[in-house]
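Colleague: Sequence:
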Amino acid sequence: MTTPTTTDVPTIAPADLIAVRLLAEGYTVFQIARKLNVGESAMCMRLSRMRDRIAARTNAHAIVILARAGQLDLRERTR
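According to our numbering, the stretch in the sequence shown is residues 10 to 88, in order.
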């Protein structure tokens with residue numbers, strides 16, 4: 010599997026971006042699910058589908074891909 014280039018990365022949904030931003034801040038999938046009022050399995054599925062769309066192998070890889078593509082500003086904090 011190759012890492013997508015910046016131009017190859019599809020724009021992800023705002024709800025997915027919030028979840029990824031929370032991952033980048035150190036939240037667990039369980040904590041993110043509770044914060045966004047969804048079940049843990051639903052959050053796992055949401056993140057899995059998002060990773061598939063952007064060709065990320067792990068959640069950490071997704072953070073890097075989205076940051077490099079300019080979709081995730083790691084200097085921002087989620088409220």
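Because the hints were derived from the structure by calculation, they are not lab data.
Please note that the accuracy of each hint is not assured.
What the hints assert, rightly or not - Across the chosen pairs, the derived CB separations fall in these ranges:
id: 1; residue 1: Thr37; residue 2: Arg58; range: 28 to 36 Å
id: 2; residue 1: Arg86; residue 2: Asn46; range: 16 to 24 Å
id: 3; residue 1: Thr37; residue 2: Arg66; range: 29 to 37 Å
Unchecked claim - Here are the computed lysine to aspartate or glutamate pairs in the EDC-like style, where the Cα-Cα straight-line distance is at most 20 Å:
id: 4; residue 1: Lys44; residue 2: Glu34
id: 5; residue 1: Lys44; residue 2: Asp61
id: 6; residue 1: Lys44; residue 2: Glu85
Source: prediction; values computed, not measured.
Backbone N, C-alpha and C define an ideal beta-carbon position, used for all residues, glycine too.
Colleague: So, for every hint listed, does it hold in this structure?
Modeller: Tested hints:
| no. | hint | result |
| --- | --- | --- |
| 1 | Thr37 with Arg58: 28 to 36 Å | violated (19 Å) |
| 2 | Arg86 with Asn46: 16 to 24 Å | holds (20 Å) |
| 3 | Thr37 with Arg66: 29 to 37 Å | violated (19 Å) |
| 4 | Lys44 with Glu34 | holds (13 Å) |
| 5 | Lys44 with Asp61 | violated (23 Å) |
| 6 | Lys44 with Glu85 | holds (18 Å) |
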